[in-house]
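**Q** With these hints in hand, go ahead and build the complete structure from the sequences.
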Amino acid sequence: MEKIDKLDKEILEIISNNARIPFKDVAADCGVSRAAIHQRVQRLIDMGVIVGSGYHVNPASLGYNTCTYVGITLERGSMYQRVCNEFSKIPEIVECHFTTGPYTMLIKLYARDNAHLMELLNNRLQEIEGVISTETLISLKQSIKKEVPIGAVHKEIAPSLDEA
1 MEKIDKLDKE ILEIISNNAR IPFKDVAADC GVSRAAIHQR VQRLIDMGVI VGSGYHVNPA
61 SLGYNTCTYV GITLERGSMY QRVCNEFSKI PEIVECHFTT GPYTMLIKLY ARDNAHLMEL
121 LNNRLQEIEG VISTETLISL KQSIKKEVPI GAVHKEIAPS LDEA
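In this note's numbering, the protein residues as written are 1 to 164.
The set of hints was computed from the structure by calculation and includes no laboratory data.
There may be inaccurate statements among the hints.
What the hints assert, rightly or not - Below are the PhoX-like pairs computed for lysine-lysine, each with C-alpha atoms no more than 25 Å apart in a straight line: (1) 108 <-> 145; (2) 24 <-> 9; (3) 89 <-> 108; (4) 108 <-> 146; (5) 108 <-> 141; (6) 6 <-> 146; (7) 9 <-> 146; (8) 24 <-> 6; (9) 146 <-> 3; (10) 145 <-> 9.
What the hints assert, rightly or not - Computed beta-carbon distance windows for the label pairs: (11) 100 <-> 22: 14 to 24 Å; (12) 113 <-> 9: 35 to 45 Å; (13) 129 <-> 94: 15 to 25 Å; (14) 2 <-> 102: 19 to 29 Å; (15) 140 <-> 31: 37 to 47 Å; (16) 126 <-> 39: 30 to 40 Å; (17) 115 <-> 151: 37 to 47 Å; (18) 102 <-> 28: 45 to 55 Å.
C-beta: ideal position from N, C-alpha, C; glycine also.
**A** See the structure below:
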């Protein structure tokens with residue numbers, strides 16, 4: 001993997017805080033040309049450092065008022081990919097993770113309300129072959145949502161991200 005230098009980290013810090021900031025403003029903040037920012041961002045995309053962009057939609061604004069995490073226990077861990085494929089067909093599921101610990105999988109989903117959540121659990125998730133149990137945790141409030149720290153990458157933790 002190519003190294004990420006100080007300028008890359010500066011760019012990442014700025015655009016991760018405001019993805020809609022014009023590149024000319026990023027260039028001004030970093031003291032380089034707009035073309036340099038375009039080239040750096042494209043390189044970071046090509047390297048897989050930047051893996052997406054876009055707008056974040058507030059689920060509540062669309063009527064999805066219940067954010068829920070569901071721990072899933074499967075009959076066998078080897079069923080993960082097949083079950084994950086089934087989960088991908090359920091639009092309310094927004095994340096799926098293969099985990100260690102008490103669950104085989106952990107999913108995040110949004111429901112309109114508790115009745116909708118119960119319908120998803122009883123008639124969709126628990127009906128998938130291989131799912132033997134679910135444990136539901138309703139999020140009452142999201143207090144923190146942010147990206148991983150960019151400027152705080154240390155040599156001991158990630159030597160491939162050091163400055164050249």
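**Q** Taking the hints in turn, state whether each one holds.
**A** How the hints compare with the structure:
1. 108 <-> 145: 14 Å, holds
2. 24 <-> 9: 17 Å, holds
3. 89 <-> 108: OK: residue 89 and residue 108 at ~14 Å, within 25 Å.
4. 108 <-> 146: 17 Å, holds
5. 108 <-> 141: 14 Å, holds
6. 6 <-> 146: Between residue 6 and residue 146 the Cα gap is close to 21 Å, so the pair holds against 25 Å.
7. 9 <-> 146: Holds, because 16 Å separates the two Cα atoms, which is no more than 25 Å.
8. 24 <-> 6: 19 Å, holds
9. 146 <-> 3: 23 Å, holds
10. 145 <-> 9: 20 Å, holds
11. 100 <-> 22: 14 to 24 Å: This hint is violated: roughly 42 Å between Cβ atoms.
12. 113 <-> 9: 35 to 45 Å: Cβ of residue 113 to Cβ of residue 9: about 43 Å, so the range 35 to 45 Å holds.
13. 129 <-> 94: 15 to 25 Å: 23 Å, holds
14. 2 <-> 102: 19 to 29 Å: Since the Cβ atoms of residue 2 and residue 102 sit about 39 Å apart, the hinted range of 19 to 29 Å is violated.
15. 140 <-> 31: 37 to 47 Å: 44 Å, holds
16. 126 <-> 39: 30 to 40 Å: Because 50 Å falls outside the window, the suggested range is violated.
17. 115 <-> 151: 37 to 47 Å: 45 Å, holds
18. 102 <-> 28: 45 to 55 Å: Distance hint for residue 102, residue 28 holds at roughly 50 Å.
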